[in-house]
Amino acid sequence: MEATTNLTENENVWGGGNKPLNASYGKMMMWFFIVSDALTFSGFLAAYGFSRFKNIDSWPIADEVFYHFPFLHGVNAPMYYVALMTFILIFSSVTMVLAVDAGHKMKQNKVAVYMLLTIIGGAVFVGSQAWEWKNFIKGEYGAVETRGGQILQFVSADSGKRVALSSFATSQPTDRAQHSSDKGLWYVEEAALPTYSVSELQEGFLANPDLRVKTEMIDAETGHKIVLDRAASEAKIAQAAYVVEGANLIRNEYGNRLFADFFFFITGFHGFHVLSGVVINGIIFFNVLLGTYERRGHYEMVEKVGLYWHFVDLVWVFVFTFFYLV
Amino acid sequence: MAHKLSIFRGLVTFKSNEQKIWGVLIFLSIVTAVEVALGIIKPAFLLTPIFGMKGLNWIFIILTIVKAYYIAWDFMHLRDEKRSFTSSIVLPLLILIPYLVFILLVEADYIYNVMLEGFVSWNF
Numbered sequence: 001m002e003a004t005t006n007l008t009e010n011e012n013v014w015g016g017g018n019k020p021l022n023a024s025y026g027k028m029m030m031w032f033f034i035v036s037d038a039l040t041f042s043g044f045l046a047a048y049g050f051s052r053f054k055n056i057d058s059w060p061i062a063d064e065v066f067y068h069f070p071f072l073h074g075v076n077a078p079m080y081y082v083a084l085m086t087f088i089l090i091f092s093s094v095t096m097v098l099a100v101d102a103g104h105k106m107k108q109n110k111v112a113v114y115m116l117l118t119i120i121g122g123a124v125f126v127g128s129q130a131w132e133w134k135n136f137i138k139g140e141y142g143a144v145e146t147r148g149g150q151i152l153q154f155v156s157a158d159s160g161k162r163v164a165l166s167s168f169a170t171s172q173p174t175d176r177a178q179h180s181s182d183k184g185l186w187y188v189e190e191a192a193l194p195t196y197s198v199s200e201l202q203e204g205f206l207a208n209p210d211l212r213v214k215t216e217m218i219d220a221e222t223g224h225k226i227v228l229d230r231a232a233s234e235a236k237i238a239q240a241a242y243v244v245e246g247a248n249l250i251r252n253e254y255g256n257r258l259f260a261d262f263f264f265f266i267t268g269f270h271g272f273h274v275l276s277g278v279v280i281n282g283i284i285f286f287n288v289l290l291g292t293y294e295r296r297g298h299y300e301m302v303e304k305v306g307l308y309w310h311f312v313d314l315v316w317v318f319v320f321t322f323f324y325l326v
Numbered sequence: 001m002a003h004k005l006s007i008f009r010g011l012v013t014f015k016s017n018e019q020k021i022w023g024v025l026i027f028l029s030i031v032t033a034v035e036v037a038l039g040i041i042k043p044a045f046l047l048t049p050i051f052g053m054k055g056l057n058w059i060f061i062i063l064t065i066v067k068a069y070y071i072a073w074d075f076m077h078l079r080d081e082k083r084s085f086t087s088s089i090v091l092p093l094l095i096l097i098p099y100l101v102f103i104l105l106v107e108a109d110y111i112y113n114v115m116l117e118g119f120v121s122w123n124f
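Quick note, the sequences are listed as chains A and B, same order. Each step along the first sequence adds one to the number in the numbering used here, with nothing skipped, and position 83 is 83. Each step along the second sequence adds one to the number in the numbering used here, with nothing skipped, and position 96 is 96.
Please keep in mind that the hints were generated in silico from the structure rather than gathered at the bench. Do not rely on the hints blindly, as some may be mistaken.
Derived Cβ-Cβ restraints for the label pairs, each shown as a range [said to hold, decoys possible]:
1) A/Leu185 with B/Trp58: 53 to 59 Å
2) A/Gly17 with B/Leu38: 48 to 54 Å
3) B/Glu18 with A/Thr195: 53 to 59 Å
4) B/Ile103 with A/Ala241: 34 to 40 Å
5) A/Ala238 with B/Met115: 21 to 27 Å
6) A/Ser159 with B/Ile103: 42 to 48 Å
Straight-line Cα separation of at most 30 Å, DSS-like style, residue types lysine-lysine; simulated pairs [to be verified]:
7) B/Lys82 with B/Lys15
8) A/Lys107 with A/Lys19
9) B/Lys15 with A/Lys105
10) A/Lys110 with B/Lys82
11) B/Lys4 with A/Lys105
12) A/Lys110 with A/Lys19
In this text, a Cβ means the ideal position worked out from N, Cα and C, and glycines have one as well.
Please build the complete structure, drawing on both the sequences and the hints.
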């Protein structure tokens with residue numbers, strides 16, 4: 001592969017088979033696809049940065065959003081799970097490089113084993129991301145939103161920890177039911193109603209003197225979200241307009257609406273890349289098993305799909321930094 | 001294919017490509033571990049702003065770019081490609097991305113100040 005195919009070897013310049021810059025056609029096109037995809041992802045991340053800088057004093061703090069770890073329910077473990085996911089993805093990148101390396105040496109069995117390990121690593125990563133999404137969508141404590149779109153969370157004045165809506169909401173009789181298309185107007189329906197109504201939460205809040213409202217605003221000195229005192233909390237809760245449980249594309253209990261939108265969009269787009277990478281790796285894996293590349297005489301397809309796979313890893317390194325660390 | 005087997009400007013040289021891969025994995029793992037440790041501890045002296053951002057955030061971003069360099073250079077074999085090919089891939093990204101990020105962040109900061117000092121209130 002080291003030998004450069006140059007014009008003297010191949011008289012018909014336009015007949016194909018030339019290797020400009022010493023890279024084959026397929027590999028070069030994979031690289032240029034990666035360049036364009038990298039620009040797409042940087043566009044997303046730059047837009048995220050834009051929204052974040054625009055709301056720099058009220059953006060959600062990652063450690064307060066992502067703190068779950070499997071089998072450790074209720075334990076506050078920020079970052080550990082994404083760090084683990086990062087290791088899984090870097091490791092599957094390594095097995096991919098090893099597959100490419102084995103491919104250069106024409107070792108069919110080794111390529112197959114390493115490809116399989118890569119696929120498993122990718123599948124574990126996608127599964128982890130699904131779990132992360134589940135926690136994000138479900139939420140744990142709930143919050144209320146004011147008419148101006150501010151998210152108010154509830155904390156205990158004693159411990160400073162978040163308090164779930166279910167622990168203080170009262171129960172009021174109501175005949176409000178979810179509107180579905182089979183009742184009333186045809187083809188008109190609404191999303192599921194929150195578990196508690198605003199007035200149930202307001203009543204419960206006033207009955208619990210230990211509760212405080214935690215606003216979205218960040219104290220510039222300490223870097224923590226500002227918790228209001230009791231009088232200000234009571235004034236604030238009177239302005240509540242919606243009950244927010246978990247997250248969707250319209251509102252989320254963590255804070256700024258754009259935060260959840262970018263989270264779904266960027267990690268979703270990345271997760272889709274991982275998923276398609278797993279599928280493409282699977283196809284190449286079966287081709288390796290069938291001996292396609294052994295007959296072809298080289299394992300360049302493994303190298304090309306490897307480039308894509310490393311790129312997915314590369315993007316995750318940036319997503320990890322900008323969503324979870326910074 | 002001949003592989004260049006030295007990293008850190010020749011400071012560390014590996015015997016085979018396979019060894020180099022494990023070496024780079026160890027390096028990337030250490031960098032990630034440092035990032036996670038810093039993210040959990042958040043040393044107070046790194047929280048002071050430098051050029052409009054916390055010192056800690058600068059460290060995270062620089063470490064991320066270091067990781068990206070080793071993924072691209074060793075896992076994606078850019079180290080072994082022709083220099084002109086490497087440049088045609090890396091230069092567009094190196095020019096366009098910082099440019100886009102720069103104009104967007106400056107604009108965002110401006111909007112933030114308008115919202116802060118203007119007559120628009122969000123506090124209702």
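Structure-based check of all given hints:
no. : hint                               : verdict
1   : A/Leu185 with B/Trp58: 53 to 59 Å  : holds (56 Å)
2   : A/Gly17 with B/Leu38: 48 to 54 Å   : holds (51 Å)
3   : B/Glu18 with A/Thr195: 53 to 59 Å  : holds (56 Å)
4   : B/Ile103 with A/Ala241: 34 to 40 Å : holds (36 Å)
5   : A/Ala238 with B/Met115: 21 to 27 Å : holds (24 Å)
6   : A/Ser159 with B/Ile103: 42 to 48 Å : holds (44 Å)
7   : B/Lys82 with B/Lys15               : holds (22 Å)
8   : A/Lys107 with A/Lys19              : holds (25 Å)
9   : B/Lys15 with A/Lys105              : holds (16 Å)
10  : A/Lys110 with B/Lys82              : holds (28 Å)
11  : B/Lys4 with A/Lys105               : holds (16 Å)
12  : A/Lys110 with A/Lys19              : holds (28 Å)
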